[in-house]
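Novice: In case you want the letters, here they are:
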Amino acid sequence: MISLLRTIALTFMHIFKKPVTIQYPEEKIVLHPRWRGRIVLTRDPDMAERCVGCYLCAAACPVDCISLQATQDEDGRRYPEFFRINFSRCIFCGYCEEACPTYAIQLIPDFEMAEYNRQNLVYEKEDLLIDSQGKYPGYNYYRVAGVDAGVKGKGEGVNEEKPIDVHSLLP
Amino acid sequence: MNIVLQYILLIVIMLFTLTTVAAWLIWLERRMLAVWQDRYGPNRAGPFGLLIVAADTIKLLFKEDWIPPFADKSIFVIAPAIVAGAVLMSFVVVPFAPGILIADLDIGLLFFLAMSSLGVYSIVLGGWASNNKYSLLGALRGASQMISYEVFMGLSLMGVVMITGSFRLTDIVLAQQDYWFILTQPVAFVIFMIAGIAETHRLPFDIPEAESELVAGFHSEYSGMKFGMFFIGEYLGITLISAMVVTIFFGGWLGPGFLPPLVWFTGKTFIFILFFILLRASLPRPRYDQLMEFGWKILLPLALVNLLITGGIVLLMNS
Chain B
1 MISLLRTIAL TFMHIFKKPV TIQYPEEKIV LHPRWRGRIV LTRDPDMAER CVGCYLCAAA
61 CPVDCISLQA TQDEDGRRYP EFFRINFSRC IFCGYCEEAC PTYAIQLIPD FEMAEYNRQN
121 LVYEKEDLLI DSQGKYPGYN YYRVAGVDAG VKGKGEGVNE EKPIDVHSLL P
Chain D
1 MNIVLQYILL IVIMLFTLTT VAAWLIWLER RMLAVWQDRY GPNRAGPFGL LIVAADTIKL
61 LFKEDWIPPF ADKSIFVIAP AIVAGAVLMS FVVVPFAPGI LIADLDIGLL FFLAMSSLGV
121 YSIVLGGWAS NNKYSLLGAL RGASQMISYE VFMGLSLMGV VMITGSFRLT DIVLAQQDYW
181 FILTQPVAFV IFMIAGIAET HRLPFDIPEA ESELVAGFHS EYSGMKFGMF FIGEYLGITL
241 ISAMVVTIFF GGWLGPGFLP PLVWFTGKTF IFILFFILLR ASLPRPRYDQ LMEFGWKILL
301 PLALVNLLIT GGIVLLMNS
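Protein chains in written order, with my numbering: chain B, 1 to 171; chain D, 1 to 319.
Where hints are given, some of them may not hold.
Said to hold, decoys possible - Computed from the model, here is a short list of chain D residues facing chain B with C-beta under 10 Å:
hint, residue
1, Ala34
2, Val35
3, Ala143
4, Ser282
5, Pro284
Quick caveat, the hints were computed from the structure, so don't treat them as lab data.
No residue lacks a Cβ here, since even glycine has one placed at the ideal position from N, Cα and C.
Bound conformation, chain B alone (with noise of 0.2 Å):
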């Protein structure tokens, strides 16, 4: 009987508190910067794109969203040909962000992308591709990998040793 008058009197408490509702067309929620969101294709300090087309992403990709074609230009350099996610599969996981060895392919805190048409859930790569280094600021891949590809030369790049001339027989 108590009880029951206290449930009562604490339920009528409640009048005085403030309603926990983020009422969200209005009032949005603070993502975190590392909210797993849309997935998102970074340029490197240069605004060349990251991306060298491994197929590390499409092969983490749990559920096949991730397809690409890679190819090479002139000075040797790999780009994707095309690079496509269907977001109506994406399951928003982000192992392809940690498969990523350039750090070109990252999630960001962005959930708005609701569409009528199913069709319209399918990125290409200009959809993705953002004019952004994304959270990796100064990192470009090419400055710090041994290969040339128009960025640096052999044995130019930061921590790199001069490469070795093979035939020559001198220590």
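With the hints as your guide, set chain D onto chain B.
Specialist: Positioned in the frame of chain B, the structure of chain D alone reads:
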């Protein structure tokens, strides 16, 4: 002729007001439940979400009015009308303010009790005509609950009748000019309130329609405006019980003179309506046998003892 027209006008105004109020109570209930659960509730359609009632009504009207092929059609159709009709009939004797009442019957209280027990027919007939086992179970529960709570609902009021010496509701209100009957009959008030909740089968006593056990109980098979009638009947019932509590225990329209009597009456009624909603927000539903046990083993003896003591004191005062 003039007096007849006046009464017809009063009846039409009262019908309109009551049904409108019952409809807005749906909004009020959802809003207040939300407040007590730290939410906002309906706040999209119109200012403060007030137009949700209009949206709800339009939705109900345009829904398919499905009568199951296995149902008993004529009874199935009549049942929802009975509940709203019976409750609206009870409002005939409710004295809203001096001059604003339809019939000042000298058996007003008995009339109210009779009409509120007629409401059980709609539950039983609705559940029976649905020809569905959950509906029938709900109807059975509703019938036994209402019949057993009816007993001491009436008995609890007899103390007030003894003090006043009249079944006329205006007499009961006028007898409270010095002090409200809540002061002399607190036990009767508690019993009447509990019985009233059971009578309107509101939470925590909504056993006939217990969603988690019986789908929707006696109105499982109803849709569209027929379901709406059950709904309106329930909210009219809340208004009626609140109005009766105010009339019998809280001095009806009486109150300090700075506000008109009608405002006092509606204000007090509103507080009790809010209390009904608060009960829904806070209390869990008892088990069915617990409800019956509580009724017969605790409330009925309590009502009888209250009656006995009141009778003794009244005799003592008069001798």
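Novice: Could you run down the list of hints and mark each one as holding or not?
Specialist: Evaluated hints:
1. Evaluation of the Ala34 (chain D) hint against chain B yields a held restraint, the C-beta minimum of about 7 Å falling below 10 Å.
2. Nearest Cβ of chain B to the Cβ of Val35 (chain D): about 6 Å, under the 10 Å cut. The hint holds.
3. For Ala143 (chain D), the interface hint is violated, the least distance from its beta-carbon to any beta-carbon of chain B being 26 Å, above 10 Å.
4. Taking 10 Å as the C-beta cut-off, the interface hint given for Ser282 (chain D) holds, the closest approach to chain B being about 4 Å.
5. Look at Pro284 (chain D): its Cβ gets to within about 9 Å of chain B, closer than 10 Å, so that hint holds up.
The structure does not agree with numbered hint 3 stated previously, though it agrees with all others.
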